[in-house]
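Number of protein chains: 2
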Amino acid sequence: MKYCSQCKTGIEWKIPAGDNRHRYVCPACDIIFYDNPRIVAGTIAEHAGKILLCRRAIEPRKGYWTLPAGFMENGESTEEAALRETREEANAEVIITSLFSMITVPHIAQVHIFFAAELPKPEFSSGEESLEVELFAPEDIPWDELAFPTVNRSLKLYLENPTPRHAHVFDILPHQALSVEEASPKS
Amino acid sequence: MKYCSQCKTGIEWKIPAGDNRHRYVCPACDIIFYDNPRIVAGTIAEHAGKILLCRRAIEPRKGYWTLPAGFMENGESTEEAALRETREEANAEVIITSLFSMITVPHIAQVHIFFAAELPKPEFSSGEESLEVELFAPEDIPWDELAFPTVNRSLKLYLENPTPRHAHVFDILPHQALSVEEASPKS
Ligand SMILES: [Zn+2]
Ligand SMILES: [Zn+2]
Numbered sequence: 001m002k003y004c005s006q007c008k009t010g011i012e013w014k015i016p017a018g019d020n021r022h023r024y025v026c027p028a029c030d031i032i033f034y035d036n037p038r039i040v041a042g043t044i045a046e047h048a049g050k051i052l053l054c055r056r057a058i059e060p061r062k063g064y065w066t067l068p069a070g071f072m073e074n075g076e077s078t079e080e081a082a083l084r085e086t087r088e089e090a091n092a093e094v095i096i097t098s099l100f101s102m103i104t105v106p107h108i109a110q111v112h113i114f115f116a117a118e119l120p121k122p123e124f125s126s127g128e129e130s131l132e133v134e135l136f137a138p139e140d141i142p143w144d145e146l147a148f149p150t151v152n153r154s155l156k157l158y159l160e161n162p163t164p165r166h167a168h169v170f171d172i173l174p175h176q177a178l179s180v181e182e183a184s185p186k187s
Numbered sequence: 001m002k003y004c005s006q007c008k009t010g011i012e013w014k015i016p017a018g019d020n021r022h023r024y025v026c027p028a029c030d031i032i033f034y035d036n037p038r039i040v041a042g043t044i045a046e047h048a049g050k051i052l053l054c055r056r057a058i059e060p061r062k063g064y065w066t067l068p069a070g071f072m073e074n075g076e077s078t079e080e081a082a083l084r085e086t087r088e089e090a091n092a093e094v095i096i097t098s099l100f101s102m103i104t105v106p107h108i109a110q111v112h113i114f115f116a117a118e119l120p121k122p123e124f125s126s127g128e129e130s131l132e133v134e135l136f137a138p139e140d141i142p143w144d145e146l147a148f149p150t151v152n153r154s155l156k157l158y159l160e161n162p163t164p165r166h167a168h169v170f171d172i173l174p175h176q177a178l179s180v181e182e183a184s185p186k187s
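In order, the protein sequence lines correspond to chains A and B.
Per this note's numbering, the very first residue in the first sequence carries number 1; after that it's consecutive.
Per this note's numbering, the very first residue in the second sequence carries number 1; after that it's consecutive.
Please keep in mind that the hints were generated in silico from the structure rather than gathered at the bench.
The C-beta atom is built at its ideal place from N, Cα and C for all residues, glycine as well.
Treat each hint with caution, since some may be false.
[Unchecked claim] With a cut-off of at most 27 angstroms between alpha-carbon atoms, the simulated DSSO-like pairs for lysine-lysine come out as follows:
(1) 14/A - 2/B
(2) 156/A - 50/A
(3) 156/B - 62/B
(4) 14/B - 8/A
(5) 14/B - 2/A
(6) 121/B - 50/B
[What the hints assert, rightly or not] What follows is a list of derived Cβ distance ranges for each label pair:
(7) 136/A - 173/B: 31 to 41 angstroms
(8) 48/A - 27/B: 46 to 56 angstroms
(9) 162/A - 32/B: 41 to 51 angstroms
(10) 10/B - 139/A: 50 to 60 angstroms
(11) 144/A - 126/B: 49 to 59 angstroms
(12) 163/B - 30/A: 44 to 54 angstroms
(13) 84/A - 27/B: 25 to 35 angstroms
(14) 17/B - 6/A: 25 to 35 angstroms
Turn these sequences into a full structure, and let the hints guide you.
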C-alpha cells in the first residue's frame, strides 16, 4: 500500500493517535486503512458415512484434496458463505447441522470455520475451482494429499468425535503449516 | 475507494474475470481490492456468578454497557483477540473456557465471537475505552442499556444455558439491530 485510495497522497506507516499498532494512515485525509483477518468458511458434508471432498483446480495447492470452503463475503452469514462455497465448488446442496471447528491461522491472518453438514442425496459435480469431487469413506481419505492443515485437523477431529459434536477452537501455527506443505504434490 | 493504492490510477467497480461479484479493480495494475467481513472478539467473563460488563466511553453507543470486545487484529488468534480486548477495556485477566457464540451481522459485515471465560479474582478497572467496569448479578444486568444486539442475545443465551454450554451460531438482521438502537440513550 503506497497511496491513499481517497486522495492519492502517499500514505504513512505509523501508530495513529490513541492506537498502539502501526497502521497505514493518510496524512492528508487522516483516514486509517485497517487490515484485518479474513474468514474462510466451509462444510464437512456427510452422506451415508462418507465425506465430500474436492480436488483443487486452482492454486494454492492445486491437485490436492480439500473440504469445500472459501472466503466469506460482505452481506452474508458464516453459514451462507459455507453453503455458497459448497455449491460453487461441489455443486452440492447440503444442510448445516452445527458449527464444528474454528481455527485461526495467525501467520496468514485467516480464521477457518467449518460446519458439520448433511448431504441428503449423493448429487454433486466439479465446480469451476475443482478438478473432481468425491465422497470418501473414512478409511479412504487421502490424508497425504490434503490441501491445508485446517482441513486435515478438522477431518481428523470430526472422525474421532461422534455426534453430538461440540465446536473445536484451535490455532494452526507456522511449523504445523509447513509439515503439510512438504507433502508430495499431486497434479 | 477512488484510486489504486499501488499506482494512483482511478479504480473501477466491476466484476473481474472469473468472478461473480463487483469488486474494486485497478485497470492499470489489475489488482483486485477485496473487502471482507471483520471479526469482533470478546468474552463473557464470570466471577462468583456475576458477569463483567463495561460502560462505553466511545462511540458508537457511548454510555451503554457492553461485554469487553473489539476488532481482531492480524497475527493473533480469536482467543488472543478476546483476551486482549478484555485486558484493554476492563484491565481484567480472564481464562477462556469455551467458545460461546458466533453471530453474523450481515448488514455491517461483522462476525461477533464471544468466549465464555472465568475471572478468577474480582480485579478490574476502566480501560481507556470504558467509563466504568462492573460485575453484574444476572438479575441486575441493565438490559435496556446494553450497547449492541449481539451482546444482548449472547448474555440472554448464556444465562439461559447452564454448563456445559455448547456454541451458539446465529445472525442479527437489520430490524433486530434497530430495536435495540431505539432504546433511550444514556450518558
Ligand atoms: Zn488521503
Ligand atoms: Zn494500480
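Quick rundown of the hints versus the structure:
With a C-alpha separation of about 22 angstroms, the suggested pairing of residue 14/A with residue 2/B holds against the 27 angstroms cut-off. Under the criterion of a C-alpha separation no larger than 27 angstroms, the hint pairing residue 156/A with residue 50/A is consistent with the structure, at around 13 angstroms. Only pairs whose Cα atoms come within 27 angstroms are accepted, and residue 156/B paired with residue 62/B is accepted, the gap being roughly 22 angstroms. Among the hinted pairs, residue 14/B with residue 8/A is consistent with the structure: their alpha-carbon atoms are about 21 angstroms apart, no more than 27 angstroms.
As the CA atoms of residue 14/B and residue 2/A are separated by approximately 22 angstroms, the hinted pair is consistent with the 27 angstroms bound. For the proposed pair residue 121/B and residue 50/B, the alpha carbon gap of about 12 angstroms is at most 27 angstroms, so the pair holds. For residue 136/A and residue 173/B, the hinted distance range of 31 to 41 angstroms is satisfied, since their beta carbons lie about 37 angstroms from each other. Range check, residue 48/A to residue 27/B: about 49 angstroms between beta-carbon atoms, so the 46 to 56 angstroms window is met.
The hinted range of 41 to 51 angstroms is satisfied by residue 162/A and residue 32/B, whose Cβ atoms lie roughly 42 angstroms apart. Range check, residue 10/B to residue 139/A: about 56 angstroms between beta-carbon atoms, so the 50 to 60 angstroms window is met. Checked against the hint of 49 to 59 angstroms, the C-beta distance between residue 144/A and residue 126/B comes to roughly 53 angstroms, which is consistent with it. For residue 163/B and residue 30/A, the Cβ-Cβ distance of about 47 angstroms falls inside the hinted range of 44 to 54 angstroms, so the restraint holds.
Between residue 84/A and residue 27/B, the C-beta spacing of about 28 angstroms keeps the proposed range 25 to 35 angstroms intact. The hinted window of 25 to 35 angstroms between residue 17/B and residue 6/A holds, with their beta carbons roughly 27 angstroms apart.
Violated hints: none; the structure is consistent with every hint.
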